[in-house]
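Protein chains in written order, with my numbering: chain A, 1 to 165; chain B, 166 to 667.
Take the hints with a grain of salt, since some may be wrong.
To be verified - Listed below are several chain B residues computed to face chain A (Cβ distance under 10 Å; list not exhaustive):
(1) T334
(2) S353
(3) F360
(4) F545
(5) I546
(6) V570
(7) L586
(8) G589
(9) V591
(10) L594
(11) R636
(12) I638
(13) G640
(14) V644
Stated by the list, open to error - Taking lysine-lysine pairs in the DSS-like style, the calculated list, with each CA pair at most 27 Å apart, reads:
(15) K62/A <-> K656/B
(16) K597/B <-> K62/A
(17) K3/A <-> K597/B
Think of the hints as simulated: they come from the structure by calculation, not from any bench.
Beta carbons are placed, not taken as given, at the ideal position from N, Cα and C, and that holds for glycine.
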Amino acid sequence: MRKAELIMALVMLVFSVYLMWKSAELPIGWIPEEGPGGGAFSFWLGAGMVICCITIIVRWAKRQSPPSQSDEPFMDREAMTLFFVISGSLAAMIGGIHVVGVYFSVPIFMAFYMRYLGRHSWKLIAAISVVTPIVTFFFFEIALLKTLPKGITEPLFYPLYDIFL
Amino acid sequence: MEVLGLLSDGFLIAFEPLNLGLVIFGAAVGLFIGAMPGLGSVNGVAILLPMTFLVPPTSAVIFLGAIYYGAMYGGAISSIMLGIPGASTAVATTFDGRPMALKGEADKALVAAALASFVGGTISIILFTAFAPPLAEVALAFGPPEEFALMILAFATFVGLGGDDIPKTMFSIFIGLVLSAVGFDIVSGEPRLIFFDLTGFSHGINFLVLAIGIYGIGEMLWTVETSRGSVAMSSATVSVKRTMAALKELMGTWKTMLMGSFLGYFVGILPAAGATPGSLMAYGIAKTVAKDPETFGKGNINGVVAPEAANNAASTGSMLPMLTLGIPGSPTTAILLGGMVIWGLEPGPMLFVEHKEFVWGLIASLYAANLFALLINIAFIPAFIAVLRLPFTILAPIIFVLCVVGGYVPTLDMHDVWLMLIFGVVGYLMRKLDYPLAPAVLAIVLGPLAERSMRQSLIGSHGDMMTFFERPISGTIMVIAIILLVMPLIKVIRQRSKGETA
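Chain A on its own, in the form it takes in the complex (with noise of 0.2 Å):
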């Protein structure tokens, strides 16, 4: 818990001195008759996050917050599997949106959740694989028209296109 404290605070630190770097793009001074620059309101959060950040440390060091006090482990082996099995399976599913779409990225990371992680039966698993995907289908495609991205697969959904569209 300790470690993971300080951790998040100094990427934090890092990521809001970038920020003010970045809000520096544009004019961050007060323009006389008008009031801040653009760039002006996000640099000065920036700048407050900052600041936020060095309390946290401080008070890290000084051990007054409940996190900096605690030894417990951030998170125990079963937890760390989990989470790292769950968002690095939602980053493949993401990621092969890109390549072979929604209508077959979204099956297979649910199947891969629930057997991995469920141990259900193949048959259930066939069923709410097979179920979601139409579902959405219609909701957001024909309900919405709401084109959901395809990939590789596009050309298989020209027939059902010219079906319901």
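Fit chain B to the supplied structure of chain A, relying on the hints for placement.
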């Protein structure tokens, strides 16, 4: 009496077949979401908001309002049956709801929670109907300096009353505001904060990306981690006879219900307070004024009634500043406010003038949502208990997929989906380290409005900062905000000086 006329017009809108159907459907969905451990109104509203583009804005907000209410009812179900709060707003309900369930009185606790929610909801909507029009009228006189002062006040309440680590709270507010500044400078039109020159940032960061990231993906990661291991579920015997007996016993708790409702409503109006502290305070007061305080925590029915009346009342209370001033009173209403901007409605008092049908349709539908949530809740108690048996490993991937698709739909940009994943993961890690995240969501919604009102004021006053203090209303609000901001500092200094003298 003009209000009654407007309200009856509102009922005509609320009872249109589409809207009434959405109220009933929304209340049921809300109950379902609320009943799932970990998920509450804010998660439901954030994840489902992109789905509401199907219907007109008035119907959409009616649907989301019904979800909000339903979730407040539903939160009690998992608090009582599992001893795990269905949402943070139902934490106080576990104190006595769980012991009641362990004594075999689960059904009584569930009925008590439902009825108290109904009373809290109804009283608060009546208060809302009475307070909203005059407040909106006053707010019509507000110019940009007053608007800006109000937003400062909203953020100041988090610092002064939030009770979280102060540097972390301020950090959360700042980062939300900075993220809202991404895109183009509103005055000069120059590109601003386009990180790594990615074009995806040029359309700004949609508040939904942050809201779904934190309340969808982040919350799911959190729930997966905290709900490991087996949970013992209480059994409930439900019969009409037992329900009637429970209702009779509940008549004796009317004082607690009234107290919880009024308290919850007024606490709910404050942006930083809201339903969770409101329900905890109501529980505390019920215990203090009770003749038998020692039975609290061991299954006293008043201990269920007080927080449940308060959390429903608070959810209505938080809508008051959202509709009349354009300042949300809770994270859920912040998301609703963001939704209103997407639907093309300008939040604030002008709504009461320009979009009467929207405002009054929403208010009337809250009366309806409250009634339907009560009926559905009591009639389908066994069904909602069954929800708790649904394995989380089936629900979780469905919710993740909803988040991803919902994050894509508003802008049709995969860039936003990646950003949402990053916000979700980072938000989850920050939450583990006690960073409050609600202020960030409020800030990203209010950020563009805050910057605009600040710069309009300053252009109007030729760059004179004193404009915020010279006008009577904005000056008063600013002073209150500054007091709230320095209050924690004074507390620290006092404690130190006490420590030295002692």
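Here's how the hints hold up against the structure:
Below 10 Å, beta-carbon pairs count as interface contacts, and T334/B has one with chain A at about 9 Å; its hint therefore holds. Because the smallest distance between the Cβ of S353/B and any Cβ of chain A comes to about 5 Å, under 10 Å, the interface hint for this residue holds. The restraint placing F360/B at the interface with chain A holds, with a minimum CB-CB distance near 7 Å, inside the 10 Å limit. With a cut of 10 Å, the hint placing F545/B at the interface with chain A is violated, because the nearest CB-to-CB distance is about 23 Å.
A cut of 10 Å between beta carbons decides the hint on I546/B: the least distance to chain A is about 26 Å, and the hint is violated. Hint status for V570/B: holds, given a least beta-carbon distance of 6 Å to chain A, under 10 Å. Because the beta carbon of L586/B sits about 6 Å from the nearest beta carbon in chain A, less than 10 Å, this interface hint is met. With 10 Å as the threshold, the beta carbon of G589/B comes within range of chain A, its nearest partner Cβ sitting at about 8 Å, so the hint holds.
Taking 10 Å as the C-beta contact cut-off toward chain A, the hint placing V591/B at the interface holds, the least distance being around 9 Å. Annotation: L594/B was flagged as interfacial toward chain A, and the flag holds, the nearest CB pair being 7 Å apart, inside 10 Å. Taking 10 Å as the C-beta cut-off, the interface hint given for R636/B is violated, the closest approach to chain A being about 16 Å. Evaluation of the I638/B hint against chain A yields a violated restraint, the C-beta minimum of about 21 Å exceeding 10 Å.
Interface hint status for G640/B: violated, as the beta-carbon distance to the closest one in chain A is roughly 18 Å, over 10 Å. The restraint placing V644/B at the interface with chain A is violated, with a minimum CB-CB distance near 21 Å, outside the 10 Å limit. Distance restraint check for K62/A and K656/B: the Cα-Cα separation of roughly 18 Å lies within the 27 Å cut-off, and the hinted pair is therefore satisfied. With a C-alpha separation of about 20 Å, the suggested pairing of K597/B with K62/A holds against the 27 Å cut-off.
For the hint linking K3/A to K597/B, the alpha-carbon distance of about 13 Å falls within 27 Å, and the restraint holds.
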